[in-house]
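Residue numbers (numbering that gives the first Met the number 0), protein chains in the order written: chain A, 0 to 319; chain B, 0 to 319.
Do not take every clue at face value.
Since copy identity is lost for identical chains, a pair holds within one copy or between any two.
Said to hold, decoys possible - Straight line, CA to CA, 16 Å or less: simulated EDC-like cross-link-like pairs of lysine to aspartate or glutamate:
| hint | residue 1 | residue 2 |
| --- | --- | --- |
| 1 | Lys31 | Glu132 |
| 2 | Lys298 | Glu263 |
| 3 | Lys264 | Glu280 |
| 4 | Lys32 | Glu132 |
| 5 | Lys19 | Glu87 |
| 6 | Lys101 | Glu280 |
| 7 | Lys237 | Glu227 |
| 8 | Lys192 | Asp173 |
| 9 | Lys294 | Glu106 |
| 10 | Lys19 | Glu106 |
| 11 | Lys289 | Asp6 |
| 12 | Lys237 | Glu132 |
| 13 | Lys43 | Glu81 |
| 14 | Lys279 | Glu227 |
| 15 | Lys168 | Glu280 |
| 16 | Lys19 | Glu214 |
Just so you know, the hints here were simulated from the structure itself, not pulled from any lab data.
2 protein chains.
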Amino acid sequence: MHDLIRDVFLRYLKNPYLDKMADAAVINFGEKKLCLTTDSFVVKPLFFPGGDIGKLAICGTVNDLAVMGARPLFIACAMIIEEGFPMETLGRITQSLANQAKMAGVEIVTGDVKVVEKGSCDGIFINTTGVGEVLQGASLSVEAIRPSDKIIINGSIGLHGIAVLAGRKQLDFDFSIKSDCAPLNKLLLPLLKNPRTIKFMRDPTRGGLATTLNEITQGSNWGVMLEEKAIPVTPAVKSVCEILGLDPLYLANEGKAVIIVADEKAGGILRQIKKHPLGKEARIIGQIEKSPRGKVYLKTISGGKRIVDMPVADVLPRIC
Amino acid sequence: MHDLIRDVFLRYLKNPYLDKMADAAVINFGEKKLCLTTDSFVVKPLFFPGGDIGKLAICGTVNDLAVMGARPLFIACAMIIEEGFPMETLGRITQSLANQAKMAGVEIVTGDVKVVEKGSCDGIFINTTGVGEVLQGASLSVEAIRPSDKIIINGSIGLHGIAVLAGRKQLDFDFSIKSDCAPLNKLLLPLLKNPRTIKFMRDPTRGGLATTLNEITQGSNWGVMLEEKAIPVTPAVKSVCEILGLDPLYLANEGKAVIIVADEKAGGILRQIKKHPLGKEARIIGQIEKSPRGKVYLKTISGGKRIVDMPVADVLPRIC
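Model the full structure from these sequences, guided by the hints.
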């Protein structure tokens, strides 16, 4: 279905902004560059270990701006609410939105609420659109990526995906895994003060690290080599994945960024990331290679090598 | 339910932007003023005489920017689609979005699509967020309104509301009423070139002319006097309203603006509006009065006077 939808959109909505297929658009606005991004949140359940739809709606949009090198400034927030939705729950979600916006330093400046009849939507859907200002000197793009550039991630992968599964009571065991849902702007934006260092950033949400890296190889036409042993995965996520037959590389993250850094600056950037509470477990997990072009391969712990493909289908629907 | 929701939001989301309760926020961005607005469209049915959800999603957001004195520039568009939604229908809607954006002179620069399981949403919901640039010298606000200012509307009221009802097959008769759904930016923005002339503009959508005028009186603390005989209502809308017991003052419009103009400039502005295809039936329908403060009253055709209140409930749900 996703491919069909993409085909429909590409047929009617071709323009230089959308053709980039990024999660955000960069636009000239006066003497500044504005970054605009939108996301609807349909996560199920609304509350999960480590977060809720309100927190997610702010973090997701803030992170989409931050990875574009934009300081998140303003949020427009629209809700579609099913008639009879409990006011107490709406209050908790709204409070979470407000708290998270404060924490991320963004202001919710405008909004919209539509109420639909019972049965016409599943509880509540939240859309957030973010406006940010692209930092001067930040010129992040896949075109800037070169072989030997290092790939950094700021911590353990797969936490959000497993936390939402846990929230659905689809797990019969309790590993107390919490979503990593967090606003990354205060971690990522200071890194851009180092000129010609950060080439590209992306948050590996739906489809996980594997999807993001595949998009990078397809966009840049270089290859990616990943070191399995370097990729941080908590023992709890590893165990759940083994039991359920899931691959952490494809699980959603909501507080992680893939950061592509010039080889010679990677050590310094890693140290800088590790100083931030959201980057303590950061690691260099691989690098850009000349070949195989357009492919991601993984050096496994056992010494083997395997291609990491795009996911065949949405591994977990309604994860965000 | 709407009051409850408003109370929840006001409790947690107080800030100078939201406290204005406008449909859009004006923000300083560099040396320019940016206008940001968001709306979710949940109209039922998706296609109705004179429009569809795609056309509506562009016009609604373009008009929310235009009435703030902002030139609409960019749109972020997010869709929530029910699994199994016909691709052919999605194609028609997307084409309509694209056509309408072109007509209004805005670019859809970023987007998002979420697919939810069958039964989790009613077909398709579309959110559009618009970014505009506030025209220099445009300082529209209810505070600028003064007694004797004239109230202009650019044409007949109630067409959208009745067209959607007709689309629902709730009418057993065919008056061939079409929605007035249209982008108003090219009609409204040129009016602002006349300095100190246009005080305030608003598009009377959900809740109709009555609701918009009540919001104006409550915001400005002046009164409004309406001349019933001056308010343009087509014979078809009049007939349907009589049969169904509806009041056209409360019916939704999607191609109308209420324009508050300095008394001495009203004649000139009316002539300018009438020259535009979307303003041919424009009329001065009343004026701002010192009393009764905060109230809208109507001089009826029969010579009586009655207060026009806020609607007690959503007259027609899912009208946009």
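At most 16 Å between C-alpha atoms: does Lys43 with Glu81 qualify within a copy, between copies, both, or neither?
both (14 Å within a copy, 15 Å between copies)
Quick one: Lys101 to Glu280, C-alpha cut-off 16 Å, is that within a copy, between copies, both, or neither?
Neither, since 25 Å and 48 Å both go past 16 Å.
Regarding Lys168 and Glu280, is the shortest C-alpha distance of 16 Å or less found within a copy, between copies, in both, or in neither?
Neither: 28 Å inside a copy, 60 Å across copies.
Between the shortest in-copy and the shortest cross-copy C-alpha distance, which are at most 16 Å for Lys294 and Glu106: within, between, both, or neither?
For Lys294 and Glu106, the Cα distance exceeds 16 Å both inside one copy (40 Å) and across copies (33 Å).
Could you figure out if Lys298 and Glu263 sit no more than 16 Å apart (CA to CA) within one copy, between two copies, both or neither?
Answer is neither: 22 Å inside a copy and 78 Å across each miss the 16 Å cutoff.
Within a copy, between copies, both or neither: which one fits Lys19 and Glu214 at a CA-CA cutoff of 16 Å?
within (11 Å within a copy, 42 Å between copies)
Copy assignment of Lys31 with Glu132, given that the CA separation must stay at most 16 Å
both (7 Å within a copy, 13 Å between copies)
Which holds for Lys32 with Glu132 at a C-alpha limit of 16 Å: within a copy, between copies, both or neither?
both (6 Å within a copy, 14 Å between copies)
Within, between, both or neither: how does the pair Lys264, Glu280 come out at a Cα-Cα threshold of 16 Å?
neither (18 Å within a copy, 66 Å between copies)
Treating 16 Å as the Cα threshold, decide for Lys279 and Glu227: within, between, both or neither.
neither (19 Å within a copy, 69 Å between copies)
Intra/inter-copy verdict for Lys192 and Asp173 if alpha-carbon distance must be at most 16 Å
neither (42 Å within a copy, 65 Å between copies)
My question is about Lys19 and Glu87: at a cut-off of 16 Å on alpha-carbon distance, are they close within one copy, between copies, both, or neither?
neither (41 Å within a copy, 25 Å between copies)
When the structure is compared with the earlier hints, violations turn up for hints 2, 3, 5, 6, 8, 9, 11, 12, 14, 15 and for no others.
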